[in-house]
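Could you put together the complete structure from these sequences and hints?
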Amino acid sequence: VLFRSTATKPAITTAEARKWRIREKVSSFTTEFPYAEYRNTNIGRAARLIDGTVLAPGRTFSLNDTVGERTRENGFTTGFIISDGIFKEDLGGGVSQVATTLFNAMYFAGLQDVEHKPHSFYIDRYPVGREATVAWGSVDLRFRNDTRYGVLVDTDVVPSTPSRSGSITVSLYSTKVWDISSRTSARYDFVPPRTRVLSTPDCYPNTGYSGFSVDVYRTFRRVGSDDVVRTQRFHTDYIPADTVVCRPTKGR
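In the working numbering, the protein residues as written are 14 to 265.
It cannot be assumed that every hint is accurate.
Said to hold, decoys possible - Subject to a maximum C-alpha distance of 35 Å in a straight line, what follows is the list of computed DSBU-like cross-link-like pairs (lysine-lysine):
id : residue 1 : residue 2
1  : LYS32     : LYS130
2  : LYS130    : LYS38
3  : LYS32     : LYS189
4  : LYS189    : LYS38
5  : LYS189    : LYS130
Simulated from the structure, these hints should not be mistaken for laboratory data.
Structure representation (structure tokens):
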């Protein structure tokens, strides 16, 4: 069998790539997740799809565009998501763990936040006020590489087991521009949870907790300098996680 090779012009030249100066780790963030096979599948799949992404100067990253629709054909399975303030099952449950970890890596690299949406109620394994959810076709995580250097995304996933939590680490490589510090306010404006009694087949019981507001401040300093260039505020209003009581469905 004869194979013919063809030459294809690259999107960028070697000289252009060298100018991007992807030379060092500029940020890294890790989150942990409890055991569930759907989390291992969906977190692992999404992490593999964003791993190795190179963001040119001035370009905007989109998690939805990079990962694609969360379908079985795309390697995803059914897991828990938040819908209407309670837990429901849907394809791609757990991908928000990837979004949150990537958001924090972007945050501490000092890149420009374009679009992110915190979970509707707070999930305590995430940094309060510093997390992100995604939903295909409606909610995305987007950030812009507003530096003059390229940015490489690297992911590492340790699967969970029945006796051990899993973890995902997202690291960004580039040339360091900013020293970032972060401060989180006290929680305020608490809202108590309601109690919902449901008799649907997809009811999942839950012990509720209060909603609240919180502010996070990201402070930018040039590398090696103590002078503050600017401080950015992120405000989040979390709704209460309602208590859910499941009753037998009618006809049973």
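Hint numbers contradicted by this structure: Of the numbered hints given earlier, the structure breaks none, since each of them holds.
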